[in-house]
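2 protein chains.
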Amino acid sequence: MRGFLVIGNKATTSPFSLKNIPGAGRMDILCRCISQAIFLSHSIRRSLEVYLLLLGDPSPPRVVKFRSDEIRRMSPDERSVAGLIRKALKFEPGREWVEANSGVFTAKKDLKGLLEELSHSYKIYYMREDGEDLRRIAHKMERPLFVLGDHLGVKKEDEKVIIQFAEDIISISKLSLMAEQCITIANYELDRAPGKL
Amino acid sequence: MRGFLVIGNKATTSPFSLKNIPGAGRMDILCRCISQAIFLSHSIRRSLEVYLLLLGDPSPPRVVKFRSDEIRRMSPDERSVAGLIRKALKFEPGREWVEANSGVFTAKKDLKGLLEELSHSYKIYYMREDGEDLRRIAHKMERPLFVLGDHLGVKKEDEKVIIQFAEDIISISKLSLMAEQCITIANYELDRAPGKL
Chain S
3 MRGFLVIGNK ATTSPFSLKN IPGAGRMDIL CRCISQAIFL SHSIRRSLEV YLLLLGDPSP
63 PRVVKFRSDE IRRMSPDERS VAGLIRKALK FEPGREWVEA NSGVFTAKKD LKGLLEELSH
123 SYKIYYMRED GEDLRRIAHK MERPLFVLGD HLGVKKEDEK VIIQFAEDII SISKLSLMAE
183 QCITIANYEL DRAPGKL
Chain Z
3 MRGFLVIGNK ATTSPFSLKN IPGAGRMDIL CRCISQAIFL SHSIRRSLEV YLLLLGDPSP
63 PRVVKFRSDE IRRMSPDERS VAGLIRKALK FEPGREWVEA NSGVFTAKKD LKGLLEELSH
123 SYKIYYMRED GEDLRRIAHK MERPLFVLGD HLGVKKEDEK VIIQFAEDII SISKLSLMAE
183 QCITIANYEL DRAPGKL
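The listed protein sequences correspond, in order, to chains S and Z.
Sequential numbering from 3 applies to the first sequence in this note's numbering.
Sequential numbering from 3 applies to the second sequence in this note's numbering.
Isolated chain S (complex conformation) (with noise of 0.2 Å):
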């Protein structure tokens, strides 16, 4: 079991055009970690949940969840997911989980009602580029789930609650890359760890 909960500080609350999908508050870059997170070639990984916290107008905060067990009909290219989150946005968000389509559910959730749903199943793993090196404690993990920012980071007090229930905060390279790297290159390490795979 293992997760990503990604902050799409702009991305939109609102059913939004499949032809401008980065004009959706950067909604491609949800899109690319949902696709890089969940697929392997021809397959998909079992046991894996992404959540995308959008707080882009009109409506924030929204979740919007995908558990790779249950996807039907998904393709890795940006516009098939962009679709599952748009049909999901469609729903009226209420406190509980509803399904929009096989796989991916939303509910109307602030980062820290998440955050204390998600440390009932999950450790949580904050990523920062300062944080500790991925590869040295990947073994370890038991359970992670981990948090990270769109291109425009994790705003100050978004960290500050993330802190609360962080394990660790954790770091995948030195250079900055892409929130959709980072968690492909986590899958990798944590693949690789002793007894992980």
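These aren't lab readings, by the way, just hints derived from the structure by calculation.
If a hint is listed, it holds; no wrong ones were tucked in.
One copy or any two copies: either way a pair holds, since identical chains are not told apart in the list.
Straight-line alpha carbon distances no greater than 27 Å define the calculated DSSO-like cross-link-like pairs of lysine-lysine that follow: (1) 176 x 142; (2) 21 x 92; (3) 176 x 125; (4) 162 x 12.
Could you slot chain Z onto chain S? The hints should help.
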């Protein structure tokens, strides 16, 4: 200096609609390869080249080359990259490179001709699941260029050609990953290799 050559077995060799990028012979995969190879967060890697060998109808083979140092006005989303590939495909290709956009070039070359040319500047490594672990040999690599296939892999006859030029066969993971994930991880391992960053 670092390079990637991705073989698009069905990737179209004529201008395609940006409304259906996967429909253009899975051009979405090649777009993600470009994006994941070249971009960092808010910046572009230096001295990196990506070659796309397009083998789809109507007029294969065709190569589109991206040189990171000269790229202008490209974003990491699939549609932005696809727009540049599409523009390159509007040029009538000859045997010599023609620049279709800043940093984007195209020519009519087959795999053998391309590898002959590349082997003057690069050491060629073939990516295959049963190869030698990249992590073990990354520190020894100088001017590597990695050759890999799209979702259809590499055809037997193309593999024979690649192996003639390859220094080594290297492997990224025991899992079968998507092409763009292999690229992200190759960059990561090279970045981390002693003396490389």
